[in-house]
Amino acid sequence: MSQPRFSKDHEYIIVDGDVGTVGISEHAQAQLGDVVFVELPAVGDKVAKGAQAAVVESVKAASEVFSPASGEVVAVNGALEGEPSLINEDAMGKGWIVKIKLSDPAELDELMDEAAYQDFLKTIA
Amino acid sequence: MRYLPLDAADRALMLARVGVSHIDEIFADIPADKRLNGLLDIPTRKSEIEVDRILSSLAGRNVAAGSVPFFLGAGAYRHHVPASVDHLIQRSEFLTSYTPYQPEIAQGTLQVLFEFQTQVAALTGMEVANASMYDGSTACGEAMLMAHRLTRRNKAVLSGGLHSQYADVAATLASMAGDKIVRLPPDIKASEDLAAAIDENTSCVIVQSPDFFGNPRDLAPIKAAAEAKGALLIAVFTEAVSLGALRSPGEMGADIVVGEGQSIGNALNFGGPYVGLFATHLKYARQMPGRLAGETVDADGRRSFVLTLSTREQHIRREKATSNICTNSGLCALAFSIHMSLLGQTGLQRLARVNHANSVALADRLAEIKGVEIVNQYFFNEFTIRTPRVAEELIEALAKRGIIGGLPVSRLLPDAGLDDLIVVAGTETNSDEDRAAFAAVLTQCLSV
Chain A
1 MSQPRFSKDH
11 EYIIVDGDVG
21 TVGISEHAQA
31 QLGDVVFVEL
41 PAVGDKVAKG
51 AQAAVVESVK
61 AASEVFSPAS
71 GEVVAVNGAL
81 EGEPSLINED
91 AMGKGWIVKI
101 KLSDPAELDE
111 LMDEAAYQDF
121 LKTIA
Chain B
126 MRYLPLDAAD
136 RALMLARVGV
146 SHIDEIFADI
156 PADKRLNGLL
166 DIPTRKSEIE
176 VDRILSSLAG
186 RNVAAGSVPF
196 FLGAGAYRHH
206 VPASVDHLIQ
216 RSEFLTSYTP
226 YQPEIAQGTL
236 QVLFEFQTQV
246 AALTGMEVAN
256 ASMYDGSTAC
266 GEAMLMAHRL
276 TRRNKAVLSG
286 GLHSQYADVA
296 ATLASMAGDK
306 IVRLPPDIKA
316 SEDLAAAIDE
326 NTSCVIVQSP
336 DFFGNPRDLA
346 PIKAAAEAKG
356 ALLIAVFTEA
366 VSLGALRSPG
376 EMGADIVVGE
386 GQSIGNALNF
396 GGPYVGLFAT
406 HLKYARQMPG
416 RLAGETVDAD
426 GRRSFVLTLS
436 TREQHIRREK
446 ATSNICTNSG
456 LCALAFSIHM
466 SLLGQTGLQR
476 LARVNHANSV
486 ALADRLAEIK
496 GVEIVNQYFF
506 NEFTIRTPRV
516 AEELIEALAK
526 RGIIGGLPVS
536 RLLPDAGLDD
546 LIVVAGTETN
556 SDEDRAAFAA
566 VLTQCLSV
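Chains as they are written, first to last, in the numbering used here: chain A, 1 to 125; chain B, 126 to 573.
Derived from the structure by calculation, the hints contain no laboratory data. A couple of the hints might just be wrong.
What the hints assert, rightly or not - Keeping only pairs whose Cα atoms sit at most 30 Å apart, straight-line, the calculated BS3-like set for lysine-lysine is:
1. B:LYS445 to B:LYS354
2. B:LYS354 to A:LYS99
3. B:LYS445 to A:LYS60
4. A:LYS46 to A:LYS122
5. A:LYS60 to A:LYS46
6. A:LYS8 to A:LYS60
7. A:LYS8 to A:LYS46
8. A:LYS94 to A:LYS60
9. B:LYS305 to A:LYS49
10. A:LYS122 to A:LYS99
11. A:LYS49 to A:LYS60
12. B:LYS159 to B:LYS525
13. A:LYS94 to B:LYS408
14. B:LYS305 to A:LYS46
15. A:LYS49 to B:LYS445
16. A:LYS8 to A:LYS99
17. B:LYS314 to B:LYS495
18. B:LYS525 to A:LYS101
19. B:LYS354 to A:LYS8
20. A:LYS101 to B:LYS354
21. A:LYS49 to A:LYS94
22. A:LYS49 to A:LYS122
23. A:LYS60 to A:LYS122
24. B:LYS314 to A:LYS94
25. B:LYS354 to A:LYS46
26. A:LYS8 to A:LYS94
27. B:LYS159 to A:LYS99
28. A:LYS99 to B:LYS445
29. A:LYS46 to B:LYS445
30. A:LYS46 to B:LYS408
31. B:LYS159 to A:LYS60
32. B:LYS305 to B:LYS171
As the list claims (entries may be wrong) - Listing some non-contacts, in silico: residues in chain B with all C-beta distances to chain A over 10 Å:
33. LEU129
34. LEU165
35. GLN232
36. LEU371
37. LEU393
38. SER429
39. THR436
40. SER466
No experiment lies behind these values; they were computed from the predicted model shown. For every residue, glycine included, the Cβ atom is placed at its ideal position computed from N, Cα and C.
Next up, chain A with everything else stripped away, as it sits in the complex (with noise of 0.2 Å):
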């Protein structure tokens, strides 16, 4: 599997074969506050690169996650419809969004690996 890649608009995607799973940042789940209720799309759906793919409502706004790759929706994490906490509690785990089928690996090139990221948060701080 490999290491997470970011996105400026604070989604992470973790790749294994051709397969991404997404969520938002440790970072995201921090500025959101507590998670109220995840929108999750239909599997089988198709997003583009920068497209919306979920939406994640917190007790201060409902805010869009925007899929960070191309391709096909593959499996959604079911367990944040009745625990959408899980979000906040481990964003980059247990709270997983979707998992999307890669139909083009080389936009992964244009996300940032980690410390790219965590360079990039310190930017906008």
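Following the hints, position chain B against chain A.
Okay, now just chain B, sitting in the frame of chain A:
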């Protein structure tokens, strides 16, 4: 703020900014022959006394609902509204306040909405109701859009018993969104095969009960057929009083229940303002349109009210909102709630029984008239009659003789070949004398 009227240069600037060259282009959606060209042909000035005289004489040409025996329904019903309803809604705290945008400051308004929702949920047999919609037809259209979101499908099947204006609203929304609509033909005897019209692409089936022609419908088999294909059942009513007598749509399996609330607490008002009722299952609440008042406790543990789940709404979700409705029919909903509170459960059931009894008495009288046939086997307070004369002419003839006899079906369905049908309503406002007068004048009109 100073008020400065616009000059030609201001207008030209604004037109240029929105990218049109003439103001008429903004009204392109209104057919040219429906637009007013030039000024109305009226005198430039008259004294108050003269204006009063002219307008009174114009108004005198109307046959007002309350002034003659009145049997018109078909989506808007004449019921008795207790004087206390009008008195209470005119309290300035209610009358002058708009739907709260800084809601929690207006606890009284929120409590009213909360009580209203509770009544609507109980009446429809559903778990959650919103703070109201504009009217029954828009509530129906919103329910269709909600079903599309829930099922991720975009085809709605509309029963031939659905009020044609409700179907028109749904069709307009669908045409703008690129969604599909299947409208079954007018179904005067509730004999259509809805199940056959539902397939794997169907998001919802929309069924009215009692239907436009007055037939109460058993929704349970339709629910089963919809469920088998993964579609939702949207139950519609135009006569809220019927819920005091019929099994609730929720009990019969409806996923979303919408309807017109005008019948309770609200006058005919020339067709509006009305109040749309909207209820569904709790699990669908996040996809529900409109405002939702909720009960909670404040920092000191006292019972209080909030607008809840606002993240569905336009002021937070912008274009991703469940609906572009950011308001509700506050005053009409209040009138509904006050009348419902005055009636109580027993009172509503009694009112429903009186309505049914009055319309049965009416049907019995009309059935005695030679050539008149009662189309319905069952009905609540409204039914359809077949007459040996063209219905539109007959209704005109009745009106000339001081009877508002109902709705000629061809008024709403001009091309359906149903020119001999009239939808007739009988409510608690009709006396035995009214019914006798209707029967006598109808007999007269049919014998000439």
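Evaluated hints:
no., hint, result
1, B:LYS445 to B:LYS354, "28 Å, holds"
2, B:LYS354 to A:LYS99, "27 Å, holds"
3, B:LYS445 to A:LYS60, "16 Å, holds"
4, A:LYS46 to A:LYS122, "33 Å, violated"
5, A:LYS60 to A:LYS46, "29 Å, holds"
6, A:LYS8 to A:LYS60, "21 Å, holds"
7, A:LYS8 to A:LYS46, "21 Å, holds"
8, A:LYS94 to A:LYS60, "22 Å, holds"
9, B:LYS305 to A:LYS49, "29 Å, holds"
10, A:LYS122 to A:LYS99, "29 Å, holds"
11, A:LYS49 to A:LYS60, "26 Å, holds"
12, B:LYS159 to B:LYS525, "28 Å, holds"
13, A:LYS94 to B:LYS408, "23 Å, holds"
14, B:LYS305 to A:LYS46, "22 Å, holds"
15, A:LYS49 to B:LYS445, "19 Å, holds"
16, A:LYS8 to A:LYS99, "19 Å, holds"
17, B:LYS314 to B:LYS495, "22 Å, holds"
18, B:LYS525 to A:LYS101, "73 Å, violated"
19, B:LYS354 to A:LYS8, "42 Å, violated"
20, A:LYS101 to B:LYS354, "28 Å, holds"
21, A:LYS49 to A:LYS94, "23 Å, holds"
22, A:LYS49 to A:LYS122, "25 Å, holds"
23, A:LYS60 to A:LYS122, "23 Å, holds"
24, B:LYS314 to A:LYS94, "56 Å, violated"
25, B:LYS354 to A:LYS46, "23 Å, holds"
26, A:LYS8 to A:LYS94, "22 Å, holds"
27, B:LYS159 to A:LYS99, "54 Å, violated"
28, A:LYS99 to B:LYS445, "23 Å, holds"
29, A:LYS46 to B:LYS445, "19 Å, holds"
30, A:LYS46 to B:LYS408, "26 Å, holds"
31, B:LYS159 to A:LYS60, "48 Å, violated"
32, B:LYS305 to B:LYS171, "53 Å, violated"
33, LEU129, "40 Å, holds"
34, LEU165, "48 Å, holds"
35, GLN232, "21 Å, holds"
36, LEU371, "35 Å, holds"
37, LEU393, "40 Å, holds"
38, SER429, "17 Å, holds"
39, THR436, "4 Å, violated"
40, SER466, "33 Å, holds"
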